[in-house]
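Novice: Whole structure, please, built from the sequences with the hints as guidance.
Chains as they are written, first to last, in the numbering used here: chain A, 70 to 1219; chain B, 1205 to 1468.
Some hints here could point you the wrong way.
[As the list claims (entries may be wrong)] Derived lysine-lysine pairs resembling DSBU-like cross-links, with alpha carbons at most 35 Å apart:
no., chain 1, residue 1, chain 2, residue 2
1, A, K737, A, K126
2, B, K1323, A, K381
3, A, K316, B, K1279
4, A, K643, A, K737
5, B, K1380, A, K312
6, A, K389, B, K1379
7, A, K603, B, K1258
8, A, K643, B, K1455
9, B, K1455, A, K656
10, B, K1370, A, K383
11, B, K1360, A, K604
12, A, K656, B, K1267
13, B, K1301, A, K167
14, A, K937, A, K869
15, A, K126, A, K715
[To be verified] Listing some non-contacts, in silico: residues in chain B with all C-beta distances to chain A over 10 Å:
no., residue
16, H1290
17, A1354
18, I1427
19, S1439
20, E1458
[Claimed, not checked] Negatives, chain B to chain A, calculated, CB over 12 Å:
no., residue
21, R1281
22, P1292
23, D1340
24, P1367
25, E1382
26, V1457
Keep in mind that the hints were calculated from the coordinates and are not lab data. Note that beta-carbon positions come from the ideal geometry of N, C-alpha and C, so glycine has one too.
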Amino acid sequence: MLKSAIKKRKTTSGVEHTHGKDENFEALLKPVFKGKKLTDEINTAEDKWNLLPAFLKVKGLVKQHLDSFNYFVDDDLKKIIQANQLILSDVDPEFYLKYVDIRIGKKSSSSARDYLTPPHECRLRDMTYSAPIYVDIEYTRGRNIIMHKDVEIGRMPIMLRSNKCILYDADEKTMAKLNECPLDPGGYFIVNGTEKVILVQEQLSKNRIIVEADSKKDIVQASVTSSTHERKSKTYVVTKNGKIYLKHNSIAEEIPIVVVLKACGIISELEVMQLVCGNDSSYQDIFAVNLEEASKLNIYTQQQALEYIGAKVKTMRRQKLSTLQEGIEAIATTVVAHLTVEALDFREKALYMAMMTRRVVMAIHNPKMVDDRDYVGNKRLELAGQLISLLFEDLFKKFNSDFKASIDKVLKKPNRAMEYDALLSINVHSNNITSGLNRAISTGNWSLKRFKMERAGVTHVLSRLSYISALGMMTRISSQFEKSRKVSGPRALQPSQFGMLCTADTPEGEACGLVKNLALMTHITTDYDEEPIKKLCYVIGVEDITMIDSSSLHMNYGVYLNGTLIGVTRYANKFVTQFRNLRRSGKISEFISIHTNTHQKAVQIATDGGRICRPLIIVSEGKSRVTAEHLAPLMNGELVFDDFLKLGLVEYLDVNEENDSFIALYEKDITPASTHLEIEPFTVLGAVAGLIPYPHHNQSPRNTYQCAMGKQAIGAIAYNQFKRIDTLLYLMIYPQQPMVKTKTIELIDYDKLPAGQNATVAVMSYSGYDIEDALVLNKASIDRGFGRCETRRKTTTILKRYPNHTQDIIGGMRVDEKGEPIWQHKSLGPDGLGEVGMKVESGQIYVNKSIPLNSTEPFSGDASSQFKETPVIYRAPEASHIDQVMMSVSDNDQALIKVLLRQNRRPELGDKFSSRHGQKGVCGIIVKQEDLPFNDDGISPDIIMNPHGFPSRMTVGKMIELISGKAGVLNGSLEYGTCFGGSKLEDMSKILVDQGFNYSGKDMLYSGITGECLQAYIFFGPIYYQKLKHMVLDKMHARARGPRAVLTRQPTEGRSRDGGLRLGEMERDCVIAYGASQLLLERLMISSDAFEVDVCNSCGLMGYSGWCTTCKSAENVIKMSIPYAAKLLFQELLSMNIAPRLKLDDMFQE
Amino acid sequence: MSENENKLFVAEEEEDVVLEGNAVQEVEIEDIRMIDEDDDEVNSDVCDLDPIVKEIPLNFGGKDENLHIFQYINKLRLVNHKPSEHPPISAARYKTKSALWEIDVPLDSKAFFNEDKAKENWNGVEVQTLKGVGVDNTSQYAAFMEDNQAYLVPVKTTTQLKPFFKYIDAVNLKKKQEESKLNATPASQRAQVVTMSVKSVNDASQNRLTGSLLAHKVADEEIQTDLNWAENTVSQFRESVIKESSESTVKPVESHEEYINHLI
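Specialist: Quick look at the structure:
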């Protein structure tokens, strides 16, 4: 089998390699890699990690987004079309229009895909990267039925690198040709020129029963959130005073559960008892009281029960229904809406309600039988594809109803001259779909009419601060919980997160624990059809639920498919084993999970989308199925990851199934009971936390801090970084790959787009400018380019066209009498735009734009006098250089000018740096190299770090990084600090000793000032340092005088508005305590919003210009200064009919 | 008429099944199938759980039979430690389109039966009506043994029969009508001007009932077929099946592999 797989692979490999996306991944699979040759013995315990690069090669880091989008465009769209297939006219019964097929970006006639504007051009020209949506329709025109293919109904934004994208499977050359970075993972959209990510949303799983208990209020409730394409609703089965009721939003009262079951056709109380309690007498005791409830209401028959429920339904209907009908409708469709009954038989629904009740009874009997909301197995992730699918269906429905309305409008006219062709009016509404999709993605407001859902903040601008920040954004998962609520449960680290969600990467502060990140080796499932699985279950021995009678229901294991009972099986283990064998042999999708829940006597099968799962090596009979004979062809490239799945060596497990397994962490831990083996333990971390060397030696919060800071590090962004025109871009001039790498770094190509430099660090005290984590920087290092970075800032100018045919224009430069351009226009070229390479200083102009004074009334000639200059002026403390000027035309035919300004920055006092261990610090002093200590080789440090940073932070990983780095430098090798592995400290110390250094990494240093050797040995070696985006130049701010807010006349707030520096409440308290009243007066009034008012001493109200309007006299009017804000307050109080009166007294009595 | 007869056969056959307990019967069928279809490998896996006791030759028959299984949900399996008997049936009704069965079982008035109350409250009710919806079944077979051979007959539908207290609903309806007559307010009795308008096509489309409501409406409007209940036809049924299956032999048309692929 293995050989045939390899052979097959060989024959197809020619094809594989042509679109092999990354040579980098290939490199990892090359025969000689990291000093390991083909002839070397293969050690399964060590080399099984090669499955990880193989996994990432097929899955990539953002595969979840791409998979979900691909599923949406390939499968889900077709389903939506099918569900909304027909448009019928209310006027003409003969008329129909039917959607037959739908495609994105490809006409049925041509074999090739449509040409799309390349993504980079879309970015530059502020366009949307989208492809046309084509439908094939069939409709009637008069008596004829007409088929029409490739009708465009709108444009769909395309996810980059999805299978509809032109970058799909593109090799490095093609990517370069299209100005794309080959390392860019894709998975985002470009809408109006900005890159937008639809963040993964975490939700409680749909259509599953969740049982919760509140021990204080003595409430147990089972709830299920039903979700179908049509509706969403939530059904509860709750206890109240020891009795069980059904609760639903559209039913006015709680309905006794026995009444509900009777309404579902379970009329006999014996049957009710059997369905809910089975033979368990303790359950029967708990439940018995509910039977009384129904008989108290005199409800004995199904009809009575239905009428009882029907009378309590509170839905608004256009159509009048009898109470019986209301009852049928409520039971059939409203309650547990995902099991909509179409026929007469309510049995399925009855069983579902009975199961919910049973779960409640079980939880009453044993309070431990409740579910955990925070358990990852009870969560589902909603991805871009699903969200767009919801939105598209809504828009498509709207489109159809508009279309129908316009068809009806025409068909209503009794005598039309011509046969009506419906196709003519289809294009009228196509803009709705396009703009609806664009608007939702660009604003992030997802409003779905059919679910009455309004969700804001679904999309975010892709952060391009660094490669890692972009990558981190793609793996981010945001939760629906409110951030402001102080709950600990959803924020806590769940044991079930292991290997699925990164344990370190979460923000600090309010979103802590609510925003998560995917671990390195995960997959998120897409929806899979239930029907074939259901059939399969029956084939392998599950007894159909329609055949089971109530008395034998609970004697066996129930088989649940996506939460719904479909049958029972006597031999649960045998069934589960058979099912798994079928999955391992590839007969059914590898992402369908099955597990046994012994507490509930249930076998749960899940085929739904949004489950997180991860691959594990299968262990059978105490042996790992992956052996050396499999790994060798993998490393030769003869096998790929999917072959391992097909061969039944590796399988995907979701969280629930993981809990049903016995997973060995290492090969040595395998026992006869083991079912699976981890591929590689460091995959518990995600891509961002994977950058940290030796994270297993660090205190856990430090790793979390680094995850936040790694995203702020300045580095290389992408191979196309110099071609990009982004709003703000930070680039490092000389980025280096770290001396101490991790396997993750190589896998995610951080070594190709690094963000930091290897600094030689001396851990010692120097001067006094290193307290509180401040760093001492070597001036010579800075001169050599250490920490040097570049900022690139974009300004966009649009030349508008106006209705009266005037438009904005660009003026030329103005010259003085000598013919030289005036100072403001120095950087302008003859075309009135800044010239590339010119320096722009504060106050100078780089786009000399003018707008017409008259843009509404008809144009009246005499063009020159009617323009007003509105130049784009550069204002910043430091000068910039013009890097790029781009002129183009955007979607709506208006000229678009983008100017990119560049600043080159060397580190200065106050700039922020950090190592990869959550140890941040600002530059405290820059010291000349000659004053810095040096070692025997004459090496002086780039950075001096104060040793006080270590004891409380306990970042031992940083120390080991230094030793490994130093060993690597001396040895000429890159060392590894991979989590739970990496280069061993003993080996590193050995290298140090062999090279004549101390094993501990300490060196003898000499003072640069006195030349004496220092009294202690200094911990000295390279550590990878990141420069963070927080730089003094962007933050420094002072103001003597400046703009004031209009309303309060107080100084404005914030640096961007040239605001004042606030003397806040606490500072005020200090000044009061100190007794400096005059300082207080000056700060709070005189320098802020002093205002002279005329106060009338007789009435106490304010007048003006020496006149009291209330007393109609000038007699007692006194001028005085009060804060304008106080005057405003008095006036606002007056407007509320409250008269604040001032009583004036002499301050100093004579 | 012939169809009716067929159905009646079925009901008769069902009697046996019910007497043995339907759940048990079900599993037996499964097990037999297992032996037939699964290869030895699978069987050896599960041997310890579910050992093979005996191998039985299989016969298929009853192609033209309409086998409907009735499950009497409320019938006790044992009465006084003896298997309870099949209830006597006084009448059977069927709605073909909705697959709705109604069966009348005379009430046992010998014990625990309050005749006065029945007369007083429920118009002298004499029968209990059982009602059930037939659910299509494609994968189940009913079987019987004859000369150490098993004979399988495909099941068409299964129906769970449940009590349906028609007489209570009838009494309720009557009561309600009387009440509304009694409580008839002057307002409702006053003559009203009724304005008629032509129903627009629009409304008709909106008032269309869908889903379960439609199914109920169809069922309500459908006319019942009265069927005769025939007993003691089992032996005849068996004979016909045995005869039919003796005429042809069952041969596998697919290999095991193909069969499994076909299933999935």
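Novice: All the hints need checking, so say for each whether the structure fits it.
Specialist: Outcome of the hint check:
{"no.": "1", "hint": "A:K737 <-> A:K126", "in the structure": "holds, 28 Å"}
{"no.": "2", "hint": "B:K1323 <-> A:K381", "in the structure": "holds, 33 Å"}
{"no.": "3", "hint": "A:K316 <-> B:K1279", "in the structure": "holds, 32 Å"}
{"no.": "4", "hint": "A:K643 <-> A:K737", "in the structure": "holds, 29 Å"}
{"no.": "5", "hint": "B:K1380 <-> A:K312", "in the structure": "holds, 30 Å"}
{"no.": "6", "hint": "A:K389 <-> B:K1379", "in the structure": "holds, 23 Å"}
{"no.": "7", "hint": "A:K603 <-> B:K1258", "in the structure": "holds, 30 Å"}
{"no.": "8", "hint": "A:K643 <-> B:K1455", "in the structure": "holds, 29 Å"}
{"no.": "9", "hint": "B:K1455 <-> A:K656", "in the structure": "holds, 26 Å"}
{"no.": "10", "hint": "B:K1370 <-> A:K383", "in the structure": "holds, 28 Å"}
{"no.": "11", "hint": "B:K1360 <-> A:K604", "in the structure": "holds, 17 Å"}
{"no.": "12", "hint": "A:K656 <-> B:K1267", "in the structure": "holds, 32 Å"}
{"no.": "13", "hint": "B:K1301 <-> A:K167", "in the structure": "holds, 29 Å"}
{"no.": "14", "hint": "A:K937 <-> A:K869", "in the structure": "holds, 14 Å"}
{"no.": "15", "hint": "A:K126 <-> A:K715", "in the structure": "holds, 17 Å"}
{"no.": "16", "hint": "H1290", "in the structure": "holds, 16 Å"}
{"no.": "17", "hint": "A1354", "in the structure": "holds, 18 Å"}
{"no.": "18", "hint": "I1427", "in the structure": "holds, 16 Å"}
{"no.": "19", "hint": "S1439", "in the structure": "holds, 26 Å"}
{"no.": "20", "hint": "E1458", "in the structure": "holds, 14 Å"}
{"no.": "21", "hint": "R1281", "in the structure": "violated, 7 Å"}
{"no.": "22", "hint": "P1292", "in the structure": "holds, 19 Å"}
{"no.": "23", "hint": "D1340", "in the structure": "violated, 9 Å"}
{"no.": "24", "hint": "P1367", "in the structure": "violated, 6 Å"}
{"no.": "25", "hint": "E1382", "in the structure": "holds, 17 Å"}
{"no.": "26", "hint": "V1457", "in the structure": "holds, 17 Å"}
The structure is inconsistent with the numbered hints 21, 23, 24, although it conforms to all the rest.
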